[in-house]
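2 protein chains.
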Amino acid sequence: MTPPDATTALREAMIGNAGPEATGWTGVFGLPPAPRKGAKVLILGAGIAGLTTAYELSKRGYDCTVLEAQDRVGGRNRTARNGDVLTELDETGDVYETHRCDFDRGLYLNLGPGRIPYHHRRVLKYCRDFEVALEPYVMETTANLVSLSNGRSLRWRNRRVANDTRGHLAARIAGTLTEQDAFSGKLFDLLRAFGALDEDGVYRGSTRSGYSEDLDVHDFPRPAPPLGFEELVESEFWKQHFYQPADYLWQASMFQPVGGMDRIVDAFRKRIETEFGDEVLELEAEVVGIEILEEGGVAVEYRREGVPNRAIADYVVSSIPLPVLRKIVRSNFSAEFENAIKVVPYASTCKVGWQANERFWEDEPDKIYGGISWTDHNITQMWYPSNDYFSGKGTLTGAYNFDEDAVKLGALHPDGRLGEARAGAIRLHRQFEREDVVPTDKGVSIAWHRVPYQLGGWAAWDPRKPDHRVAYKQLLQPEGQGRFFVTGDQASPLPGWQEGAMMSAHYVMGQILGAIPLTVTEDVRVPDSAALTQGTT
Amino acid sequence: MTPPDATTALREAMIGNAGPEATGWTGVFGLPPAPRKGAKVLILGAGIAGLTTAYELSKRGYDCTVLEAQDRVGGRNRTARNGDVLTELDETGDVYETHRCDFDRGLYLNLGPGRIPYHHRRVLKYCRDFEVALEPYVMETTANLVSLSNGRSLRWRNRRVANDTRGHLAARIAGTLTEQDAFSGKLFDLLRAFGALDEDGVYRGSTRSGYSEDLDVHDFPRPAPPLGFEELVESEFWKQHFYQPADYLWQASMFQPVGGMDRIVDAFRKRIETEFGDEVLELEAEVVGIEILEEGGVAVEYRREGVPNRAIADYVVSSIPLPVLRKIVRSNFSAEFENAIKVVPYASTCKVGWQANERFWEDEPDKIYGGISWTDHNITQMWYPSNDYFSGKGTLTGAYNFDEDAVKLGALHPDGRLGEARAGAIRLHRQFEREDVVPTDKGVSIAWHRVPYQLGGWAAWDPRKPDHRVAYKQLLQPEGQGRFFVTGDQASPLPGWQEGAMMSAHYVMGQILGAIPLTVTEDVRVPDSAALTQGTT
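These protein sequence lines are chains A and B, in that order. For the first sequence, position 78 (counting from the first letter as 1) is numbered 78 according to the working numbering, and the numbering increases by one without interruption. For the second sequence, position 201 (counting from the first letter as 1) is numbered 201 according to the working numbering, and the numbering increases by one without interruption.
Careful: at least some of the hints might be erroneous.
Each computed DSS-like pair below joins lysine-lysine, with the alpha-carbon atoms no more than 30 Å apart [said to hold, decoys possible]:
(1) A:Lys270 - B:Lys393
(2) A:Lys40 - A:Lys327
(3) B:Lys37 - B:Lys473
(4) A:Lys393 - B:Lys473
(5) B:Lys186 - A:Lys239
If you're looking for bench data, these hints aren't it; they were derived computationally from the structure.
Make a model of the complete structure from these sequences and hints.
Quick look at the structure:
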């Protein structure tokens with residue numbers, strides 16, 4: 001499916017010929033010397049893709065300026081801290097302050113990306129180079145909960161759901177083994193190890209699901225009675241993302257920056273400003289028009305702190321989210337491009353954050369140290385902190401939901417969101433009934449699809465839609481004979497991931513540097529955004 | 001099986017009536033006021049059980065002295081650091097210095113216990129109370145390796161072995177579903193989610209096993225081709241502890257103290273010496289005789305720095321490992337006790353530690369950040385550090401083996417052990433061929449079955465042996481009408497675990513305080529030490 005010429009060029013330019021298992025950390029090594037050193041580059045948007053482009057092209061001698069509409073850099077990489085102002089669009093499209101974050105000082109919560117897979121080499125490489133300290137992000141612990149309301153109210157520990165299911169499935173196969181199975185002896189042995197089956201191939205429960213009662217010195221640990229197979233199957237627990245941690249993107253080890261995801265943004269900003277000057281990043285510079293000039297170059301009209309400005313550059317690299325770009329006046333773009341940017345919707349997604357004045361989830365009876373509890377309530381999931389264990393207070397991600405759930409939650413006033421999120425949280429932890437433990441006035445929420453200059457969580461690409469295939473391919477090719485480029489996770493195989501944003505930035509940079517063809521000649525495969533952000537359920 | 005009276009008394013004394021899910025952190029709260037405050041207690045051995053006993057009984061007003069044969073406290077809780085002297089017994093039983101640890105300063109490796117399960121509440125409680133900082137111990141990552149030599153040489157990533165096995169097993173069930181299955185529709189749906197099956201219930205590979213090639217912007221991630229089911233089954237990979245991380249004792253989240261496991265020992269020592277005086281801990285005090293006195297009390301003969309001493313106490317609590325206790329002169333012990341201490345062997349187990357001058361396993365192509373690689377080589381396993389990620393140097397556990405493997409490795413001179421361990425390590429990582437990366441002169445090894453005053457890793461209890469049942473029960477009952485007690489993980493349902501040592505210490509303390517009966521009236525269940533230390537394979 002992939003055009004061999006472009007792919008080969010990309011690989012060789014970025015990683016050399018070392019083969020797929022030796023691709024280095026970021027893929028930006030081995031680029032040719034900049035062919036147009038000193039050329040003027042305007043980068044639209046100071047999210048991860050924009051910052052990466054600015055840093056790398058500046059390093060290669062290009063004259064970069066980043067225009068960022070907001071008064072902060074980072075885009076969706078945002079960490080809520082005391083005093084932070086959160087804004088969204090109201091029904092009429094006007095920006096308003098929804099609330100301020102009132103966490104105690106020192107506490108924080110990642111409102112956007114919250115974790116880094118071990119195979120996202122670009123993100124890890126920049127963290128290493130920029131000395132952003134990383135610590136493990138714990139995606140799953142067997143103390144996490146599954147809370148289901150379908151039929152009747154169920155509240156199960158992860159360890160029971162995971163291991164009793166395994167045991168029942170293994171036993172089902174063991175019961176069907178015949179002499180005809182060429183390797184049935186070994187297969188039986190595997191099934192026993194896989195499912196914790198008895199010597200006769202029956203699943204009677206396992207200590208993998210926990211102990212039946214607390215240990216005492218008189219008593220070797222005995223398994224808890226297993227959940228019934230039919231009960232498990234009827235519950236449809238897997239529909240609540242239960243197996244998401246098995247997917248490659250969420251497998252151990254994952255990481256998080258110590259102190260918040262925006263440490264990455266801070267590091268980029270500091271590097272760019274220190275190495276290339278404060279003037280590279282222009283904040284509160286809202287782009288309102290883009291014109292591909294007939295005489296060459298691209299003109300960008302923008303308002304800086306309300307004042308109209310116009311800049312002309314040799315190259316423009318736009319990381320502006322497509323739904324925002326659609327509203328900006330454009331001149332001399334191709335019809336194919338105009339069609340492409342209209343096709344893909346941006347995903348609705350909300351997060352809620354709580355400050356808890358006691359880390360009750362680490363105590364009896366929960367013993368939860370990180371990971372995620374899943375629920376069929378609108379909140380969808382609750383994240384527990386992977387840091388500052390055993391300390392006094394902590395923050396919890398009290399909702400992270402998608403699609404209709406997110407539209408519904410996001411339509412509420414922030415107070416209403418917290419009320420809804422609290423109701424979901426109480427199903428997991430009774431401590432949420434107590435205002436003194438989890439105060440409403442320290443709760444935060446964000447509906448990304450209502451956030452100005454974002455208008456969604458990520459491009460909702462769907463490979464089943466033919467027009468998405470056309471549009472995605474179009475976005476990989478610059479406009480104006482190689483002068484206007486779209487970047488960001490929206491133009492990458494990893495929508496919603498910082499690695500995708502960096503990957504796209506490197507790709508565009510490769511095109512600007514002449515190492516990657518400007519034209520994609522064959523079909524491309526469109527990313528499945530739902531699977532890539534929520535797992536293959 | 002458990003005597004209800006003793007169990008009930010134990011529970012109520014230790015945890016109140018709050019039920020099994022609300023047992024607090026350690027089980028030592030709610031004990032009655034000390035009935036014999038000021039009584040003299042001699043504690044033999046300053047490992048975790050001895051230190052716990054000394055701390056808790058001292059806190060309750062008992063006059064405690066700990067006699068420790070070695071010049072350090074901690075017992076098997078030992079962390080190797082620069083300059084540490086390692087000693088073992090030679091063939092004639094004499095102690096000799098095997099080598100010194102020559103790690104660079106700041107590096108360390110846990111030679112004994114290395115991880116704390118999230119449900120080991122006593123250990124966690126003491127860490128919290130004593131302000132021992134904890135960080136996640138990563139037990140498994142999907143980048144870890146499985147290296148098998150049976151038949152032909154195989155070297156697979158964990159993610160492929162784990163997920164391709166799941167897929168094949170799920171597909172096998174999917175292929176057998178019939179209309180008769182009352183819930184086949186939902187079961188089919190579960191199987192698809194569990195095994196990453198196609199819409200037709202077939203397993204054709206999954207990105208859970210990794211990508212077929214590095215991502216590029218033209219190409220949605222595609223799965224690596226699956227390992228064949230027959231190949232997986234024929235390999236018998238599960239026999240190399242592959243599913244140990246599924247067992248309750250090794251499930252996420254696990255912890256390790258920041259800076260080394262001996263931070264726990266240091267904290268106990270500091271607390272005891274600060275709160276109760278330096279004289280509580282007597283080092284280099286080797287017990288040579290124990291006599292239960294007819295006139296009451298117990299006499300202990302010991303050599304302190306070579307000089308004979310004798311002390312008499314109201315109570316003696318011995319955490320001396322049974323193989324060591326067997327060699328100490330004993331007077332007026334019951335025949336039942338004499339039989340009991342002879343029954344259980346101690347397990348042979350070795351560890352090897354390497355200093356690596358580059359953290360090559362974190363780089364391409366491995367991308368390993370913690371967890372364990374498994375192999376059928378004598379080294380059995382290799383642990384990667386869960387701390388100081390992305391830093392310069394690091395330490396690896398280059399072997400942790402058992403039984404005959406450990407006997408064989410332990411019989412070698414330390415240089416020979418390192419040679420053998422290097423051969424096993426090279427099968428996992430070619431970097432072990434380079435002395436400049438992994439220098440031999442910075443390697444350490446320990447054969448716990450040859451370590452003086454330890455003589456093994458843990459009591460190798462086996463519930464299938466009737467005489468073990470008799471012996472284990474006997475050790476839960478004091479000698480001399482409640483004057484001489486055996487403690488340690490050796491007398492607990494968690495052999496080889498610090499939690500077991502603390503649990504036993506709390507149990508003995510409960511007996512001394514009169515909260516727990518001295519006599520066990522019914523049968524007890526004997527721990528299965530192999531399963532509890534190596535998983536149920």
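Problem set entry | Earlier hints that do not hold, by number | 4
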